[in-house]
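Residue numbers (the numbering used here), protein chains in the order written: chain H, 47 to 335; chain E, 47 to 335; chain S, 47 to 335; chain R, 47 to 335.
Just so you know, the hints here were simulated from the structure itself, not pulled from any lab data. Note that CB positions come from ideal geometry on N, CA and C, so glycine has one too. The reader is advised that the hints may include incorrect statements.
What the hints assert, rightly or not - With beta-carbon atoms standing in for the labels, derived distance ranges:
#1 H:316 with R:89: 16 to 26 angstroms
#2 S:312 with E:324: 38 to 48 angstroms
#3 H:323 with R:299: 36 to 46 angstroms
#4 R:196 with H:61: 55 to 65 angstroms
#5 S:312 with E:327: 23 to 33 angstroms
#6 S:134 with R:196: 17 to 27 angstroms
#7 H:316 with S:64: 51 to 61 angstroms
4 protein chains.
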Amino acid sequence: MTPFNDPEMEELMKIKEPYKKANRKYKAEDTIINIGDIHFGEGNFHVFSGPCSVESKEQITEVANRVKAAGATVLRGGAFKPRTSPYAFQGMAADGIELMLEAKRETGLPIVSEIMNIALLDLFADVDILQVGARNMQNFDLLKALGRSKKPILLKRGLANTIEELLMSAEYIMAGGNDNIILCERGIRTFETATRNTLDISAVPVLKKLTHLPVIVDPSHGCGKAELVEPMSLAALAAGADGLIIEVHNDPANALCDGPQSLTPDQFDTLMRDKIRPMSELMGKKLGA
Amino acid sequence: MTPFNDPEMEELMKIKEPYKKANRKYKAEDTIINIGDIHFGEGNFHVFSGPCSVESKEQITEVANRVKAAGATVLRGGAFKPRTSPYAFQGMAADGIELMLEAKRETGLPIVSEIMNIALLDLFADVDILQVGARNMQNFDLLKALGRSKKPILLKRGLANTIEELLMSAEYIMAGGNDNIILCERGIRTFETATRNTLDISAVPVLKKLTHLPVIVDPSHGCGKAELVEPMSLAALAAGADGLIIEVHNDPANALCDGPQSLTPDQFDTLMRDKIRPMSELMGKKLGA
Amino acid sequence: MTPFNDPEMEELMKIKEPYKKANRKYKAEDTIINIGDIHFGEGNFHVFSGPCSVESKEQITEVANRVKAAGATVLRGGAFKPRTSPYAFQGMAADGIELMLEAKRETGLPIVSEIMNIALLDLFADVDILQVGARNMQNFDLLKALGRSKKPILLKRGLANTIEELLMSAEYIMAGGNDNIILCERGIRTFETATRNTLDISAVPVLKKLTHLPVIVDPSHGCGKAELVEPMSLAALAAGADGLIIEVHNDPANALCDGPQSLTPDQFDTLMRDKIRPMSELMGKKLGA
Amino acid sequence: MTPFNDPEMEELMKIKEPYKKANRKYKAEDTIINIGDIHFGEGNFHVFSGPCSVESKEQITEVANRVKAAGATVLRGGAFKPRTSPYAFQGMAADGIELMLEAKRETGLPIVSEIMNIALLDLFADVDILQVGARNMQNFDLLKALGRSKKPILLKRGLANTIEELLMSAEYIMAGGNDNIILCERGIRTFETATRNTLDISAVPVLKKLTHLPVIVDPSHGCGKAELVEPMSLAALAAGADGLIIEVHNDPANALCDGPQSLTPDQFDTLMRDKIRPMSELMGKKLGA
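Given these sequences and hints, build the entire structure.
This is the structure we're talking about:
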């Protein structure tokens with residue numbers, strides 16, 4: 047149906063599985079993704095942390111210093127925010143990216159931020175990891191454009207997307223030539239209303255079997271409640287995840303976005319020291335290496 | 047949270063409902079959308095029809111002539127196709143748009159086609175209605191850009207999006223200044239596997255109560271089976287929809303996309319004449335006016 | 047796996063389809079179910095109506111007379127109520143059945159009521175149709191016991207059950223020797239919160255193709271809102287249903303159960319006369335015969 | 047609405063929460079359930095294990111001895127099986143219970159088995175824990191009857207039931223006077239097809255907060271694949287569960303029911319020794335006490 051003038055691609059199309067480059071049958075060993083001194087894969091366990099949205103220089107710098115001290119190895123922070131309502135805070139945009147870069151310079155932490163519009167790719171030149179959010183998991187033009195980039199991509203599962211569809215979206219990026227993809231389970235839509243979404247922990251071992259790409263879990267968006275971040279972080283680690291992405295805010299009660307699911311820096315510190323570190327040791331994973 | 051320097055917007059923000067411009071409480075009378083000689087609203091009932099994908103000049107022209115003769119008032123046809131797999135047929139792109147325009151010139155039918163990338167907006171200059179597909183319903187940058195356009199928008203409900211979220215996405219377009227929006231129910235994701243999706247017919251009366259915007263239904267994508275198009279078209283009409291969008295292909299068995307859910311031109315002709323016309327009369331709707 | 051000493055059953059087991067006796071491939075013609083002078087099938091359309099719960103002699107008698115006058119052919123009324131909370135009104139139990147029988151004697155309408163416990167079967171001796179509620183669709187011991195009865199069964203689809211599972215539950219009853227089954231779509235659980243459940247209208251044509259059993263729709267429980275009963279009743283009829291089950295209460299605001307989804311007798315009268323009658327004529331169905 | 051002649055109940059009804067006796071607000075300390083020498087609660091962690099169905103004396107005795115040696119403290123085994131198809135193996139019925147009792151006498155392990163029909167309660171006189179299966183979670187007559195028993199109840203969450211509904215079903219049993227309830231998360235229905243169900247691990251911390259009753263997890267039914275039992279068992283333990291229920295079969299390939307999700311005795315032994323024991327120590331739980 048689709049003719050290729052590329053011998054490697056012709057070879058690939060002979061694989062019957064719907065996803066080919068992302069398929070562990072095609073490449074058995076784990077993909078290792080290098081971001082500065084950080085290595086995904088090789089049995090390491092990484093925690094991404096930071097606020098849902100960048101709000102000010104003070105906020106992002108304080109949070110960055112605190113999460114770094116606690117053991118986080120990547121700083122997260124949204125500058126462009128996908129909000130259900132056009133009247134809700136949409137993020138600081140270019141200014142937010144600039145503040146993230148300042149925090150990066152100050153702490154040395156690599157940074158991850160969501161890109162929603164490929165026209166703004168230049169703005170993300172010094173961002174270490176580009177995040178594709180759940181609502182854009184099947185924004186195929188965005189995926190194709192990121193396939194032409196060489197930057198690591200954090201690809202989040204859509205709210206109603208199957209595990210196979212997540213792998214097909216990774217395949218879009220890989221088919222374009224970019225193999226640096228970190229997959230992220232962040233909760234799916236179900237009838238249950240006690241949690242914001244239903245975090246599908248079983249997606250972790252299913253993905254680890256089907257693909258060689260690293261898999262992390264977002265318990266903050268997955269559950270929508272700060273009190274569930276600890277148990278679900280530990281569940282993700284126990285199920286074999288390669289990392290976590292946890293929201294931390296210096297003042298959750300006054301956060302411009304997603305305060306109810308954010309930990310304070312103190313809570314994050316305790317979680318890392320008393321819970322995640324000992325469990326990652328038990329699981330034979332090296333925390334933040 | 048979001049400061050506006052616009053008195054109308056300041057007024058709007060006082061409305062407590064999450065969607066404001068789309069809200070029937072704010073504007074009780076139905077929005078009428080004019081496309082050439084066609085008027086949405088005022089008790090008219092319109093059927094959009096055509097192939098899932100434009101495949102050739104012969105195909106689109108033949109289908110266009112047949113569906114026009116049968117009573118369709120808008121020609122649909124995909125040039126840019128959102129496909130789960132990067133290895134599946136992605137549409138004829140610019141050539142597909144050109145063929146749609148030829149079919150428009152030949153038949154006089156206004157045309158609708160999906161736009162996935164705002165960078166390609168110029169290519170759609172002569173397309174009458176821009177479709178936002180289910181996977182892009184929360185591609186907010188796309189919605190904002192379309193708000194600055196004045197073209198009618200066909201906004202499809204996402205596979206896991208609530209009715210309220212659909213209205214919030216319409217609100218994004220309206221907040222930008224474009225009120226010409228047609229909403230489309232096209233099936234949601236559930237546990238049921240007998241149908242491709244579960245077509246939520248109750249979304250029609252719910253939407254008609256909540257908003258003044260016209261609402262149409264896509265039974266082809268909603269069910270994924272040609273044999274279900276007739277009963278579900280009639281159900282949508284009986285539930286109060288303002289129109290339908292039905293896939294028709296000259297050769298469904300060999301269609302490059304979605305053949306199993308496409309009607310033949312003969313089947314469409316029979317459906318329109320023997321079923322949709324008498325039922326629209328019973329419902330007090332004027333077919334294709 | 048299961049040895050049968052019954053030649054008919056041995057023959058049946060050779061059919062590969064999971065449901066055999068319920069399968070249209072095994073019996074092409076519609077099953078006709080006779081209840082007094084009423085015939086299901088043969089192109090008839092029946093409306094079951096009455097209150098969610100029997101509350102008093104005055105209530106059930108008044109409602110029975112009103113819905114009969116409006117054209118309903120079966121009186122519904124719950125005596126044993128499956129309630130989520132043990133502290134909610136559980137129905138009038140045996141007294142409720144007695145009041146239903148009085149209303150039957152007064153109006154001549156056959157009656158349907160839910161049975162939740164097979165130990166109470168004797169109490170239902172003069173009830174014309176035994177209802178298996180959504181929560182008991184896979185109460186297999188109940189299904190087996192009803193298979194040994196010869197009474198018509200109204201089998202409701204479970205909230206999270208597939209169409210195939212509904213047919214398998216019908217098969218349980220039929221395997222026991224009772225072929226008098228009316229299937230009922232009454233809404234499934236999804237993420238949508240604007241309606242109580244999502245009424246799966248597409249289940250009607252899917253079931254009509256797969257089985258020879260009659261299929262009715264319950265828009266009252268399916269949507270949970272009185273204002274949606276009219277459009278969804280018409281949608282069900284348009285999609286090919288053989289009947290409806292509609293809740294009518296003389297005083298919805300003070301109903302002990304499900305008031306928000308109940309019509310008044312006047313609303314039901316108007317719905318039957320102005321909407322359901324003309325549409326059943328258009329669909330070529332004979333109302334209440 | 048419901049008048050009570052019981053002062054304790056009158057007091058109870060003043061609590062505004064929908065579930066009262068099951069509510070941690072009403073009773074802060076964990077409920078401890080004693081079964082022979084085994085204590086649920088007090089920071090213990092129990093693993094229930096055994097085959098899906100009892101198939102023969104040799105099978106159940108062998109499995110019982112093996113799982114006991116590996117550290118399981120309760121033997122599970124189905125005698126009455128709820129099967130979607132009436133033509134599938136329905137269990138050994140009374141003979142199955144008898145074989146479970148023999149295995150109990152031989153190993154000293156307390157036993158749990160599913161009861162689907164209250165008329166058979168006498169048959170379960172020496173069964174230690176009565177299981178209410180997912181399909182019967184809202185079989186309210188069964189719940190009421192079990193409320194009058196004093197036996198410990200293992201109450202499984204229904205496939206489409208919310209956490210609150212699970213607690214309301216527990217409340218039915220408690221309102222009848224039986225407080226000995228163990229709750230079980232066993233997967234919910236979603237659109238995902240890579241797993242049999244989606245195991246909702248977040249239900250564990252949500253339940254532990256809302257109720258004082260113990261909570262266990264069934265990774266076997268929850269995922270439907272043997273390879274997922276290990277990671278999901280560890281995830282459940284890490285999330286705070288009080289126990290697990292794991293299917294073990296001496297010959298999974300030839301099991302009469304649910305073979306694909308069963309571990310072999312060797313696999314179970316390794317899981318307990320190498321994974322569950324060290325993780326329960328890390329979590330500060332005493333395994334099988």
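Just pull the numbers of the violated hints for me, sorted ascending. 2
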